[in-house]
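The whole structure should be built from the sequences, with the hints applied where relevant.
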Amino acid sequence: MIPSLFDYVRATSVAEAVSALAGSDDAKVLGGGQSFIPILRLRLSNPELVVDVSKVAEMRGVRDDGDALVIGSMTTHHEVLHDPLVLQHAPLLAQATGTVADPQVRHRGTLGGALAHADPASDLPGVALVYGAQMTLVGPNGSRTVDAADFFLDYLETALAEDELLTSIRVPKLGAGWGTHYEKFNRVAQAWSIVGVAAAVRRDNGHIAEARVALTNMGSTHLRAAATEQALSGAEATDRAVHGAAQLAAEGTRPASDQNAQADYREELARVLTHRAVKAAAGLS
Amino acid sequence: MTTTEAKTDTVFGQPLRRKEDAHLITGRTKWVDNIQMPGMVHLAYLRSPIAHAKISVDTGPAKSYPGVIAVYSAADFGAEMGFMADAWTCHPDMKKPLNPPLATDEVRYVGEPVAVVVAETRYQANDALEAISVDYDALPAITDLEAATADGSALVHEALGTNQCYHLQTPGDSYEAAKAKADVVIKRRFRQQRLIPSAMEPRAVVVVPTVDDFTMYSSTQIPHVLRVLLALITGVSESKLRVIAPDVGGGFGSKVACSAEEIISLLIAKRLQLPVKWNESRSESMQTVHHGRDQIQDIEVAAKSDGTLLGMKVDLIADLGAYLRLFTAGVPLFGAAMFNAIYKMEGYQFNCQTVFTNKCPTDAYRGAGRPEATFGAERIMDELAAHLGMDPLKLREKNWIKHEEFPYTTISGSVYDTGNYEAATARAVELFGYDELRAEQKQRRESKDPVQLGIGVSTFTEACGLAPSRALGQLNVSAGGWERAEIRVTITGKIQVISGSTPHGQGHLTSWSQLVSDKLGIPFEDIDVLAGDTASSPQGLDTYGSRSLVVGGSAIVKACDKVIAKARRVAAHTLECDPDDLEFNAGVFSVKGSPGSKMLIQECAFATHLAHNIPDGMEPSLNSAYTFDPINLSYPHGTHLCAIEVDTETGFSKIRKYVAVDDVGTVVNPMIVEGQVHGGIAQGIAQAMFEEGIYDSDGNLTTGSFVDYLVPSAADLPSYTTDRTETPSTDNPIGAKGVGEAGCIASTPAVVNAIVDAVRHFGINDIAMPCSPERVWRAVHEAKQAHPHGGAAS
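Chains as they are written, first to last, in our numbering: chain A, 1 to 285; chain B, 1 to 794.
Derived by calculation from the structure, the hints in this document are not laboratory data.
None of these values were measured; they are calculated from a predicted model.
A virtual CB, placed ideally from N, CA and C, is assigned to each residue, including glycine.
Among the hints, a few may not be true.
[What the hints assert, rightly or not] In silico negatives: residues of chain A with every beta carbon more than 12 Å from chain B:
1) S24
2) V146
3) D150
4) N186
5) R240
[Unchecked claim] Below, simulated SDA-like cross-link-like pairs (lysine to any residue); rule was C-alpha separation at most 20 Å, straight line:
6) B:K344 to B:V185
7) B:K654 to A:W192
8) A:K55 to A:D67
9) B:K448 to A:T99
10) B:K657 to A:P103
11) B:K448 to A:P38
12) B:K394 to B:K63
13) B:K784 to A:D264
14) B:K654 to A:N141
15) B:K784 to A:Q262
16) B:K270 to B:A74
17) B:K654 to A:T99
18) B:K657 to A:L5
19) B:K654 to A:R276
20) B:K784 to A:E267
21) B:K448 to A:H243
22) B:K562 to B:T492
23) B:K448 to A:D264
24) B:K784 to A:Q247
25) B:K63 to A:L5
26) B:K494 to B:P620
27) B:K654 to A:V188
Given below as structure tokens:
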């Protein structure tokens, strides 16, 4: 398919991109294009203006900011996956990024693009929830910070305003005692998740002191498995205890029924995968 | 990997690297879309978004769009565009709906072409589609195969008065007689889901007109057949039409077609006297390139309690989609003589009902009828084995044709020339570690391991090289089964092979070079192939049905024999001896008993071209042609074994081990054969586990992109262990049996049998294809709820 006609601006700075967005009532931001280009080609979106930010240098790269990493939104999945700081301080992000699509997509697609697109089947928003990441948004009136928990609003909908750009993601370091794991379930390797589970667990003296569990594709947006997290808090670090807590993983979720999975199957997958993810994060398997 | 050792004394049988690959992997291919012509204009089609509707079309508003040269609907062509062709009247009462290339007053599937824009650029052509106004007055969409045949069903084609194309019922009561003697009768319903061929290169057409003739470049498997059909449909003389299939990026049967877009492209080039190009998008391809499979199979087998098979009865319902394409109606019948497979039995009955629905037409897709039949046979054999408590391999061994019984006339009337099922199976069992895996399966069952192991068996045969022509005539197929080749010998002793069989990825250039080098003793490097162009290779029947080597290769061998006979006369004349006193070996004629007296075949070529001193009355040319019409089909076979781990908590199936031992007769290039086997197995696994073309009840294709239509990649597939046994065919001079489709015919039942075997102890005896994780999980989940204590026996 062929997109309909649009104007195109390749921005070289955040300021230039923000200004271009402000100058149009019907503009879309192009990052790595791995979701947006197919949408354009299928004519599901017909914007007047496409603002390409993939080459904005200040929106790329990973830096150490003391208790957190700051990752430019246009850093590609491939760069994230192989970045020594990410591997050291945010291994869950690296692991989940490694499951995104295939190597060609990972060389083009970006972390910020995946988060801003907010597809509930994407692997990375759940990771952002688990880390408590903070999004830096820049618009005509300056910049603001939004917590991941407040960023993902609904299906393909975020806190980003029409004239705002996601410029960077701040990923807090979890520190000592934490283990993490991402468990993804899909039918073919390059497909979206049918269900995914991101887990981070802090162990303390044979117990689970704290657990964060986020679910991919169990609703119109990514969700924390609150009941499971609560049950794990203070629980013994045993397979039995984890299994019991994981049985609560689908509580409060509203998974879709589609060609890949009916809702009840997704709920069962959430329980099984949560069990496996938490066990792995807690070093029990 | 293949463990069979390669021969070393000749290029024949060696795994030589493909001559084709250097230009393929360095991007120097000539795809249709690479072709640029001065002044070329571009076509885009408006397609129906509605499955069934009366239409009225107004193309007017689109004509004023930027760059638009013309906009046409059916009314603009009228009778000039003719009707789409079908090539097989396979039943005397067969109903044939008329199918104009552009819809006239009614559309019958989503994607059916309604109008076409001609513009200066591809972008402008696509933009103008939105300005064409079509009123769709919706009619009921017929999507359910069984409901379509019920009394009072709405009709796809009102004029036919029925949704049934034909209902074939074979006469005779041999099955009922066999059944009367049976201890055991089991019956199963299997579903062959709809598949969407996904060639890497979608279809594309360029037509270049001159004053009164036309050159068409098309991504087709059948340039020769296409030329004839276009001539018959459009009235453009066959002699004024040249069809070229340049590099073609795969077909799998989907490019055995004379498409609406090819017809319309030719008519527009003729009308406007401009070069035109049409290039299909992937979305269009998935909606409109003919689909494959889509059958409901009711299969019954009767046996004695010791496992002796007595008979089989097959009742098919096949979904033809909205219209007939070349072999749409006949594809189910390609399986008519194949459900009995490699087994001996006393009774056999094959019935087939074919039905129109408001979906994309179906037609030949890799295997075409034989995968369906093989699946039915190999699945029901596993079911019978389970019912009798027998090992599935033992049951097969008890019933298959023994190697000493060939040639063997099967219950359905085929004559299998050669085969050795014992040898292929023994080798497969050895490579697989069958007994060890069965022991592990037992252990996993006993320990109630959440990951269960299943073993699937497929001892398949199939039929390749559709022939002989006379038999096709008796079946009312509007085509012959021969193939033509010509050997041109140049003055410097190089060879051009003119091949009627047209490659689209098979490696003809390499295999034909090996065949000719072996026959004529001319170096592999000195041999070229001209194919896929009706100007340089005017006669041929092209490539499908695993026929190229079996039929086309045989024509080459026979043509080489004629070259040698001519060269022998020249050599004898030069060496002053009797032609019968000459030996020919590795390109050298030598006088028996006088080894110093020799002449190279290249020297014969040079002497012939000079024609200064050749035998009196001899035509000064070594060039020779042969048209080979085989006396029978060929019957490759093999044993595929598959071990699958099924995670019963999620339903995820992972292929742990896959062993394929194929007997495709004599092999020219084992690397090419292995490539075909690998790709075929992948395609068969895709049917077993991943791919499914789904329409909703309104007739919308809901798997219209690769997001929803799951084609597996290398990451989803195992490494295969492959080997071969070689039992040459006696029905062609090479001994080859065909390999293009074997892998996908064999592997689908092996995989499904393995998945069912892994969970059979829960009381499960079938899982519908594709065996998705959800289907497997749901089967296990429901079986556990029905038998909460897990006591279900097989």
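Next on the checklist: Which constraints among the numbered hints does this structure fail? Numbers only, ascending.
Outcome noted: Violated hints (numbers, rising): 4, 8, 9, 10, 11, 12, 14, 18, 23; every other hint is consistent with the structure.
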